Amino acid sequence: MNYNVNEKGYYGEFGGAFIPEMLYPNVEELRQKYLKVMAEPEFQKEFNQLLKDYVGRPSPLYFAKRLSEKYNTKIYLKREDLNHTGAHKINNTIGQILMAKRLGKTRIIAETGAGQHGVATATVCALMGMECIVYMGEIDIARQAPNVARMKMLGAKVVPALSGSRTLKDATNEAIRDWINNPVNTHYIIGSAIGPHPYPDMVTRFQAVVSDEIKWQLKEQTGNENPDYLVACIGGGSNAAGTYYHYLHNPDVKLIAVEAAGLGVDSGESAATSVLGKEGIIHGCKTLLMQTKDGQITEPYSISAGLDYPGVGPMHAHLAKTGRAEFMAITDDDAMNAGLELCKLEGIIPAIETSHALAIFEQKTFKPDDVVVVSLSGRGDKDLQNYIEYFKI
Amino acid sequence: MNRIKAKLKEDKKLLSIYFTAGYPNINDTVSIIKDLEKNGVDMIEIGLPFSDPLADGPTIQDSSTQALKNGMTTEVLFNQLKDIRKTVDIPLIIMGYFNPMFQYGVEAFCKTCKEIGIDGLIIPDLPVDVYHEEYQAIFEKFGLINVFLITPQTSDERIRFIDSISNGFIYMVSSASTTGAQSGFGDEQTAYFERIAKMNLKNPQIIGFGISNNDTFTQATKYAKGAIIGSAFVKHVTNEGITSISKFVKNILK
Ligand SMILES: Cc1ncc(COP(=O)(O)O)c(C=O)c1O
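Chains as they are written, first to last, in the numbering used here: chain A, 1 to 393; chain B, 1 to 254.
Chain A extracted, bound-state conformation:
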């Protein structure tokens, strides 16, 4: 079974490029060039240098002793929260800004949910002196205020998306419309492993540095580069894709993907796409999608802005369909409690997205000698207000 993208841009039956003709020249140019550009030694050098000196990579792989004791298994945290700007998102934006430069683009647009991708995009645009416009749902602007301020300080223009559920899906619609209106000078930095081919694959490759590092770090610490489990939360699926990438074809390593159940999978207020979704088309790709039986995209819900998306990247749809990854759904409450627990046990305040991944230890029992690597995809500074309100701190 192949879990990577094929020549036609599909992961099994999922993927492809379902885009209006207006976007064809841009997406086609990217498709023809992305692998060539990424393979250039100059590109590799610049990318790796920036990841090291600017982002602060490699990010530590940390053995979480007290958390491991509590759950009687061996838990390692891949500390993407320690990256510059506080999440894994910057790995991708560094890669894409270098790509945009090589394509001769001067104006950058992005969508954002939690604001982490928006901040990471605003950051690399400041770094490269490029104009930056970030689309963000009106609801998310309210619940992720610190990140909105950061984007503005970094020189980006934050444009509210006022349609639909006014969250990540709608911000993505607005970014795509902007690209249709500005096809020549603009590059669209998509923030997750979603969108038309080649985006899911390109984003995955830029995030693959995560599993690349896990391999040698785990080998160094345990003598074996293969964990028993890899765990990551899934919005569109970029931190998960990066965490899985170099292990996709190693059947000894089990993959766990954690979705947001919101108020409960069957509550009508959920973002658990692998359970609630059916094959459909969103934002240019065929994937699992939450929709009415009539094919209208439904509005998801999660306390976490970064997981509040009605679809999932096509690679993950394929991993779900083939059973390569086990999908779990975690409610708002369970995620919040797991987040607070990490604070108390390990002195780390995680992003609410990440807290979903941490919550699986209450639901699934691992063996004492299982090695479980969790992608700690981001830090919780942006979520303080939500934690404060939730726990009445």
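Worth flagging that the hints you see were computed from the coordinates, not collected in a lab.
These figures come from a predicted structure and were not determined experimentally.
Don't be surprised by glycine CBs; every beta carbon is placed ideally from N, CA and C.
Don't take each hint at face value.
A few chain B residues facing chain A, derived, Cβ under 10 Å [claimed, not checked]:
| no. | residue |
| --- | --- |
| 1 | Ala6 |
| 2 | Tyr97 |
| 3 | Pro152 |
| 4 | Asp156 |
| 5 | Phe185 |
Using the hints provided, position chain B with the ligand relative to the given structure of chain A.
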């Protein structure tokens, strides 16, 4: 002969009007169609509303949202249209995004279109390549014409490819934009209209996006077989209701 093809053979410039089905009221569909025909419109694009219309500007987005709130679905639309050919003769095209058709089943969708007397489809997010590989045979089986878009950025080579797959007309998007974003045509657009006119394509072209009045209609049809008006008509309906359609059409064709 397919009604679109017959219409394209007529010796006149064609006016095609887009409206969102289910807007402003759920049951306006048939009366809007009849009124447009009565007032001399040549062809109609019936918009099947979608929750996330990526290629549309605010006017059509808002009308789609309202239409869905009003209860419009694929099933409801097909029901409203089932007797339309008893009274309406001009070509009817359904314009909609791919996901609702995909959920209905592409074959079933095409079959129902054929039974009703729909002549063609415009599906902005179904690329010509995917259509050609996966769906062309189905469309042809039911005698439906699928209409493709080109834009000022579309390469000559791709235009030739689209022309070879097309079997009715080519929808020329006037500029790089979502629907409704233009206020008039400048030199850049004129140059593009001229470039395409000179390509001698086998399919006639109809220009859309940014046509809103007699002036832009006249300009566009200097270079093309016809023009499509969408957002301006939806706006008119929003502001003046569906009883003054004749006023709108007369203003365009004056
Ligand atoms: C910290 C963090 N983790 C995870 C996600 C979810 O995105 P993805 O599934 O692409 O990793 C986000 C998105 O905003 C995020 O900020």
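Consistency of the hints with the structure:
no. : hint   : in the structure
1   : Ala6   : violated (26 Å)
2   : Tyr97  : holds (8 Å)
3   : Pro152 : holds (9 Å)
4   : Asp156 : violated (12 Å)
5   : Phe185 : violated (16 Å)
Of the numbered hints stated above, those contradicted by the structure are hints 1, 4 and 5, listed in ascending order.
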